[in-house]
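We have chain A; now place chain B onto it with these hints.
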Amino acid sequence: MLGTALLGATSGAIGTFAVLRRRALVGDMLSHAALPGICIAYLIQGRRDLVGLSLGALATGLLGITLVTILRRWTRTKEDAAIGIVLSTFFGAGIVLLSRIQQMPTGNQAGLNTYLFGETAGITRHDIWLIAGVATGCLAVVALLFKEFQLLSFDMDFASSLGWPTLALDLVMMGTLAIVTIVGLPLCGVILMAALLILPSAGARFWTNRLGPLLVWSAAFGGMAGVMGTFLASPLPTQWFGASWFDSSKLPPGPVIVLSASAMLVVSLLVAPRRGILARTFAELRLRVRIAREHLLRSLFELGESQLPERPFVEESALVSRPLWNQWTGPWSLGRLISKQLVERQGTMLRLTPEGLAAAAEVTRTHRLWELFLVESARIASDHVDRDADDVEHMLPASLIRELESRLAAAGRLPVVPQVVPESPHEL
Amino acid sequence: MLLAQLTSWESMISPVAERIVLVGALTNVACALVGCYLVLRRMSLMGDAISHAVLPGLVLAFVFSGSLSIVPLFLGAAAVGLLTTFLTETLHRVGRVPADASMGVVFTSLFALGVVLLKRYVTGIHFDISCVWEGMLSKAALETFDFGGWQIPEQLKTILPVVLLNLFVIGLLWKELKLSTFDGPLATSMGFSAPALHYLVMALVAITTVASFEAVGSILVVAMLIVPPATAQLLCDRLARMVIVACVFATLAAVFGYWLAVYWNVEPAGAMAVVAGAMYGIAVLFAPKYGILSALRGNLQTALRILREDLLLMLYRVEEIDPKRRLKPTEARSAVGGGLLAWWALRMLRRRGRIEFREGTIHMTTDGRWRAARLVRGHRLWEAYLVKHLGLPLDHVHAPADWVEHYLAEPLRERLETAVDDAGRDPHGREIPG
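Chains as they are written, first to last, in the working numbering: chain A, 1 to 428; chain B, 429 to 862.
Here chain B stands alone, though its shape is the one from the complex:
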């Protein structure tokens, strides 16, 4: 085990590793840059669609140009990418096919067309279809050129311009893209054509997809278009931060993905996708604002607060009916539903000095009684308000007031009091504490 770690660490800092990670990271960043806009536009699967649909474009470009040089492939792919977008929109608008179905129709058909064309016309060269899925990241290590004494991977020649292109377009049209992403009709009405910008984004996606294909394969393209931006979306509320965070995650996915690939001795592209997915999973659980755990914590806190307030309310009412009577903790807990939460809520009340335990029974402190009175006041004011202004019958007002009492702030209570103006009595005839 230790030995394996040592070897992997060594291979991690070798020049080969550096090259692979460099190519992987740049590819991922290129994808993440445009991916942010895809995710925000709720067009995430357009990435999947385009990455499959470009196949006929690639084949035709290859057939017509007769070579695998990059420029015709780019042109063919960008053209088919735009065609995919256009056909999807047209089928949706003219044919009234639902948007997701029309996307599915178009990209599967184009992909099938691509496969047929491939089988018919491209017989001479070896076109390994699994390399489309998995990519040839390891090639980065082998094919290099000399640049000022450094061995630079060949694939950087295609990836780096695409990263720069994406950065350039996004930087140049930052405002316009932002506006059209979040409010297309407003952008159009202000003179920036949202459809044109949409097609621009899709063209960028197509170009990025093709550029990344060779290096990382289609599946990692889809992963990198969607997963890092979605992760960033869970963590940020501002577009600029989201783009930066997405790029950081994309880079991290490349680094750790490669590490994992070496460690397990598996395909780097797949491992990078898995790492990106794992980072998304962590973000889903632990994101400070939108994570599941923070949501659960928020729910728990609210539940505990409501239980504490219910306990205080109950103690107050018991004292009101029979000033001598004091409840035992078990009675109090079972009265609010019992269970661990009730136990915890009672304990919190004691630690905060709202109640005291004396001779096995619960006594409210002055502070506790004051707080309970405020809650009861809110409850009864709300009941009075419901009866007076909404005309609800008497036996229908307790339950809604039970809900609302926990959310009545002081200013609202004051306004309720002026609205009710009922000489300090609730509709049941009980006193509203001052």
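Excised from the complex, chain A in its bound form:
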């Protein structure tokens, strides 16, 4: 569990850069391209030695990355196709070598198979030390080159214009990625290693917009996925909760780790503040409610405008026949306005309260200021501005309103007291 947590955290942090560089699938390619290296190392050594196999995997992995870079730069092949070509060809070569090894008299390829599909249960103390060492090394590299990696991830051209060795930095970045992938392979298998690189950082991206916190979130997600997955796939939950329906003995740990990470991603997608779906839906709903309210207030203001400063009663049917009336949100927002005492109702007659009048005047003023701006500055015909202003009026910040006022006042288009609503430039 410690091993998977460590591995998850490291790959989460390193994978962040890959995802930011739009190279999420390089991890997938790396873990496929490692196979021929493993086989070659096995053929050379003649036995299963973890370090040797990892070095072989690393060699072909780096070769694969180099090839992808060359293909993308020098040929017509696009990056996605280049990744796919290297991935499938290398893996094909690996399969060929593997079936070759199977035929050898000494060919005990069981050890090689775990490289492909992963064996979390088989983590030894030695492996944990190895992972811990690699994790420390990679995190140290990230910490040392944080500034460089940051710039490289967001503005490669700027980095090279500063005279930084972008190619070398890129290779270092990809190299750490390769090392983490290769170390994780025998524990997680090909696909799941690719997932561990992508999922935590994709989930973490919902929670923050800054790189430093992003790395921390991502490492935390990766670590948590490792812990959760290993826990769920171990016999412990059945023992602890006595849940007989939950038969964990049939759950392979690797996929469960991935599924835990995807679950975290889905939760992040839903509930994250600001970027999450719920937060965004809520914000949009609030905006819609505000728009409906402002439209109602303006309609009421314009209906009674001819009799200002009196506050006349208007028929509800007159309000309903206005173009701004929305048959879905209208009745509800009207009820809200009445309960907030901005509008008062007597039978079928409606009237703005004094507070309502002030609010409605404010809304109408914004609308007309924008209309006047469009007429004056954008030279749009006065009968074309109403709809445009309808869209924009709710978004205008107070500072912009003040600027519009001063401009229109300077042009002599405003009455002297700016609180007064200017006349509509078109027929109502």
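Among these hints, one or two may not hold up.
In silico lysine-lysine, DSSO-like type, Cα no more than 30 Å apart, as pairs [what the hints assert, rightly or not]:
1) Lys606(B) - Lys717(B)
2) Lys78(A) - Lys606(B)
3) Lys78(A) - Lys756(B)
4) Lys78(A) - Lys816(B)
5) Lys717(B) - Lys603(B)
I should point out that these hints are in silico values taken from the structure, not numbers from a laboratory.
Keep in mind it's a predicted model, so treat the numbers as computed, not measured.
Showing chain B alone in chain A's frame:
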């Protein structure tokens, strides 16, 4: 060695070999057909993604239908293929996850789900996961049915309809697919929904993937979806040719891959992927228009032309300053940077009759002098133009003119002359030759 070749040649033309190659080639063609659209749409890795993501679909189809018959498997796979596409797009659009990351998220999660489902519900049957990777091409040789006296492999029953389906859909919607592949928004604005066509392609990919799984395994599917079309893309500029060439390469990969597999006694599917990769490598190097070697040759030719022109320009200027002076070849070579290229450029000038060597020095021929004058004229006209119309200071115009002089065609020189109109002098006061 010879013996090994003989045996392999014999096994190459045996009925067993014919069957295996037939199944392999048809599978590869089926993949290459849809693969062309994947590569052109820059969705190549969608093939990889779908070929992994269909696993839960296969498992669920198996659990619900209780059999390994092909129709439920197709339906399950196509459904999950479409689901993969849909989830990827949704996560990208709604969740604002980068496109490649969202693809990675979706297919790894679905694959993990598939593995979990497999372990939980499918215990009765033997499901060898390595057969998913490597396929069971050799099965083609063993399971056959009799068709008019010929022994036809069982697997053709699934592969052949898929090839025909792909051909049918691509043939029927040729224009629409082409348009939506190269210009999606235009296709949508003309009334062919690009998203719908996109989903159609993805459904075809999913069906092709599943049909090919049994025969060649997932890794060869990915290889055949991407590699032959990418090879064809290096060789062709037209979609129809690209599709045909991709199919030809896919077939060749099957034939040579099998040959290699027999020769080395290894897994045919892996060998086919390797052969396809090797053919792509050859195309990368030697493609006439987009190959690396032809690009290098083009660069070399341009470099040599520029060196030749620099040499002529220099000889002309030396003569202009001191009409008596003649350079030695070594002096001339080192003046343009020296090295093998300079030597070669000088040699080309002599062989083309632009210069002659007399008494160890270089003399321009009449033809050479005329060409040099034209180059100098371009150079000085450009300098004059920069000074007059762009207002550059005098000491800033030589370097840009040094670049541009090699690319000024005669019509442009004439237009420069009218634009400059400077009584035949460049800004440094030197004569512009006529």
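A quick look at each hint next to the structure:
1. Lys606(B) - Lys717(B): holds, 22 Å
2. Lys78(A) - Lys606(B): Distance ~18 Å between Lys78(A) and Lys606(B) Cα, so the pair holds.
3. Lys78(A) - Lys756(B): Answer violated: Lys78(A) to Lys756(B) is near 49 Å, above 30 Å.
4. Lys78(A) - Lys816(B): violated, 44 Å
5. Lys717(B) - Lys603(B): holds, 26 Å
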